[in-house]
Amino acid sequence: MSRSVGWSGGDRCCEALFGEIHLLLTDVVMPGMNGKELSERLIATRPGLKVLFVSGYTGNVIARGGVIDHDIAYMGKPFSPDGLAAKVRKVLATRVKPAAGA
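The sequence shown: position 67 = 568 (this note's numbering), numbered continuously.
It should be emphasised that the hints constitute simulated quantities derived from the structure, not laboratory data. Just so you know, these numbers come straight off a predicted model, no measurement behind them. Be aware that one or more of the hints could be misleading.
List time: in silico DSS-like cross-link candidates among lysine-lysine, alpha-carbon distance up to 27 angstroms [what the hints assert, rightly or not]:
{"id": "1", "residue 1": "LYS578", "residue 2": "LYS588"}
{"id": "2", "residue 1": "LYS537", "residue 2": "LYS591"}
{"id": "3", "residue 1": "LYS591", "residue 2": "LYS551"}
{"id": "4", "residue 1": "LYS588", "residue 2": "LYS537"}
{"id": "5", "residue 1": "LYS537", "residue 2": "LYS578"}
{"id": "6", "residue 1": "LYS578", "residue 2": "LYS551"}
{"id": "7", "residue 1": "LYS578", "residue 2": "LYS591"}
{"id": "8", "residue 1": "LYS588", "residue 2": "LYS551"}
{"id": "9", "residue 1": "LYS537", "residue 2": "LYS551"}
Pair by pair, the computed Cβ-Cβ distance ranges are [claimed, not checked]:
{"id": "10", "residue 1": "THR546", "residue 2": "LEU593", "range": "14 to 24 angstroms"}
{"id": "11", "residue 1": "ARG590", "residue 2": "GLU521", "range": "13 to 23 angstroms"}
{"id": "12", "residue 1": "GLU521", "residue 2": "THR559", "range": "16 to 26 angstroms"}
{"id": "13", "residue 1": "LEU593", "residue 2": "ASP528", "range": "30 to 40 angstroms"}
We put the CB at the ideal spot given by N, CA and C, even for glycine.
Hey, can you work out the whole structure from these sequences and the hints?
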């Protein structure tokens with residue numbers, strides 16, 4: 502079962518989410534809180550959460566700007582529904598890296 506939620510900023514999303522979440526699909530650039538900040542905030546309470554970042558910017562541009570790391574799951578816009586489905590399956594099949602110090 503999947504559930505999709507949409508808010509105009511990451512703060513409202515973090516306040517409203519509860520229960521088990523398997524995958525966070527988030528844009529990198531958002532108002533109020535970027536995708537990296539959102540993912541870090543949610544991972545703090547959900548260590549097994551997997552994250553897929555999307556953006557209209559290239560992955561190299563975003564990584565150079567320090568917004569996301571090079572080794573994250575990333576998909577550039579635009580993408581097809583089939584491409585997104587394949588990427589989601591791939592991300593869900595990966596193992597979550599242990600947190601630093603774990």
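Quick rundown of the hints versus the structure:
1. Taking the CA atoms of LYS578 and LYS588, the gap is about 13 angstroms. The hint holds against a cut of 27 angstroms.
2. Between LYS537 and LYS591 the CA atoms are separated by roughly 20 angstroms; this keeps the pair inside 27 angstroms, and the hint holds.
3. Of the supplied pair hints, the one linking LYS591 and LYS551 holds, its CA atoms being roughly 11 angstroms apart against a limit of 27 angstroms.
4. At most 27 angstroms may separate the alpha-carbon atoms for a hinted pair to count; LYS588 and LYS537 meet this at roughly 18 angstroms.
5. Using a Cα cut-off of 27 angstroms, the hinted pair LYS537 and LYS578 holds, with the two alpha carbons roughly 17 angstroms apart.
6. Pair hint LYS578 plus LYS551 holds up; C-alpha atoms about 19 angstroms apart against a cutoff of 27 angstroms.
7. Among the hinted pairs, LYS578 with LYS591 is consistent with the structure: their alpha-carbon atoms are about 17 angstroms apart, no more than 27 angstroms.
8. The straight-line distance between the Cα atoms of LYS588 and LYS551 is roughly 12 angstroms, inside the 27 angstroms bound, and the hint therefore holds.
9. Among the hinted pairs, LYS537 with LYS551 is consistent with the structure: their alpha-carbon atoms are about 12 angstroms apart, no more than 27 angstroms.
10. The supplied range of 14 to 24 angstroms is met by THR546 and LEU593, whose beta-carbon atoms lie about 19 angstroms from each other.
11. At about 18 angstroms, the beta-carbon gap between ARG590 and GLU521 stays in the expected band of 13 to 23 angstroms.
12. In this structure, GLU521 and THR559 break the distance hint of 16 to 26 angstroms, their C-beta atoms being roughly 33 angstroms apart.
13. About 19 angstroms separates the C-beta atoms of LEU593 and ASP528, a value inconsistent with the hinted range of 30 to 40 angstroms.
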